[in-house]
Structure formats: structure tokens, C-alpha cells
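Novice: Chain A is fixed; fit chain B onto it per the hints.
Listed in order, the protein sequences are those of chains A and B. Be aware that the first sequence starts at 5, since it is given in our numbering, and climbs by one per residue. Be aware that the second sequence starts at -14, since it is given in our numbering, and climbs by one per residue.
Hints were generated in silico from the structure; no laboratory data involved. Any given hint could turn out to be false.
Claimed, not checked - Some, not all, of what chain B presents toward chain A, calculated at C-beta under 7 Å:
#1 Ser(-7)
#2 Gly25
#3 Gly27
#4 Leu28
#5 Phe84
#6 Thr85
#7 Phe90
#8 Pro92
#9 Gly93
Backbone N, C-alpha and C fix where the C-beta goes; we use that ideal spot for every residue, glycine too.
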Amino acid sequence: KNEVEQSPQNLTAQEGEFITINCSYSVGISALHWLQQHPGGGIVSLFMLSSGKKKHGRLIATINIQEKHSSLHITASHPRDSAVYICAVVRNNNDMRFGAGTRLTVKP
Amino acid sequence: DVKVTQSSRYLVKRTGEKVFLECVQDMDHENMFWYRQDPGLGLRLIYFSYDVKMKEKGDIPEGYSVSREKKERFSLILESASTNQTSMYLCASYPGTGFTDTQYFGPGTRLTVL
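Next up, chain A with everything else stripped away, as it sits in the complex (with noise of 0.2 Å):
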């Protein structure tokens, strides 16, 4: 079992729904990063967290350590949201694992 799950796998939205992308880890953490993948391959970093919520224009990150869970949500969604989104926790070791990423797609 991998240590990082996420959920779903793959998301379909239409343009303007309220998004939820969950990730749930098993092991003690220091930090959790939020990424974003685009068709092209490229990652880019959009939130790292290691306790409550950050917020950033349409993106909102939580994160619940007693819970062992982060979620990502996008608020009114378009089009160009649509990527791989991927979580990565940050053990207490020192190392990083990451989850096999959600799909997101959004139809206008």
C-alpha cells in the first residue's frame, strides 16, 4: 500500500464547480506540498503545509495532521485548472513521498 493515497484518480468538472482533491498519508510528516503538473510535464510547486489552511486566489489548501489528510480545492473552476494535481508529504526522516496524482479536467 502506498503511504501517500490520493482520490479520486481521475476528476471530470464543468467550468465553474467547486472542486475537492483529497490526500491521506500513513506516515509521521513535517510537511505537506501541493503540485500541479500540466500536460506538458512540467511541476510547479503551490502550496506547502504543515498545519490549518493557506489560500491562494481560487486554491484552497487544509490539512488535518491528527487526521493523517490534506485536501485541495479549486473554487469556481475553469478550463486551465485542468492538469495533474499531486501531493507530497515530507516524512519525518527527512524524505519525500508523493501520491500518483488526480487528474483533473474541466469542461467549459
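Specialist: Same frame as chain A, now just chain B:
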């Protein structure tokens, strides 16, 4: 802006060939990484380096080697390419001493081994 570049976006090689993938970053980062990304498996760490001439094995180093002769350049070498090394290869760099800094990724190299 930090820039991480990789030598090729797409590469096709034959089984048994020696393959060089190069990664260059322009922000004087100490830490550089090579990952491979396969469907359903996420990113997996091949090798990393915390300093010039220093290298450490990641989770899946078999069949690979690396070289870091200069701080800005980290090369991944497939000594004898095999079909199971067909994958997307991603390089990343970050400053600092832990993963609580932002990692910066290159655009990726999609390698096909025939």
C-alpha cells in the same frame, strides 16, 4: 525566477545504449534530485545530491548512475538502457536543508527505450 532546465524534452534510444540526461539550475541550489514518473506510481526518487561530487541513492537507483561535477549541473546516466527504463524523468532542485523549502522542477524528459 528559479529556472531548472533539462537537456531534452523527448528522447528515443535503443536497448543497450548509454544515455545521458542533463539538468541545470541557475539559482545556486545545493540540493538536486532525479525522479522518474510512471502512471499509477507517482514520482520515485532515483538519486540525489546535496553538494558537488556528492551523491546518494534514492529508492530506485538500480541501472542508473549520476554525476555532479559542478553545483549547477546534475547528470543522470543510464549505463545500458533497457525497455523498463522508458519513463518520464524529472529533475528538481531546492535550497536549504530540508524539504520544507519549495522544490523547483524541470520540464521533464520523456525517454522511450526501444
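Novice: Look at each hint and say if it fits the structure.
Specialist: Hint check:
The criterion of a C-beta within 7 Å of any C-beta in chain A is not met by Ser(-7) (chain B), whose closest approach is roughly 12 Å, and the hint is violated. Checking Gly25 (chain B) against chain A: minimum C-beta separation of about 5 Å stays under 7 Å; hint holds. For Gly27 (chain B), the suggested interface contact is upheld, since its CB lies about 4 Å from the closest CB of chain A, less than 7 Å. The beta carbon of Leu28 (chain B) is positioned within 7 Å of a beta carbon in chain A (closest approach about 4 Å), and the interface hint is therefore held.
Using the Cβ-Cβ criterion of 7 Å, the hint placing Phe84 (chain B) at the interface with chain A is satisfied: the shortest such distance is roughly 4 Å. Restraint check, Thr85 (chain B) versus chain A: the minimum CB separation of about 5 Å is within 7 Å; hint holds. Given the 7 Å rule on beta carbons, the hint for Phe90 (chain B) holds: about 4 Å separates it from the nearest Cβ of chain A. About 4 Å separates the beta-carbon of Pro92 (chain B) from the nearest beta-carbon of chain A, less than 7 Å, and the hint is met.
A distance limit of 7 Å between C-beta atoms decides the matter here; for Gly93 (chain B) the minimum to chain A is near 3 Å, and the interface restraint holds.
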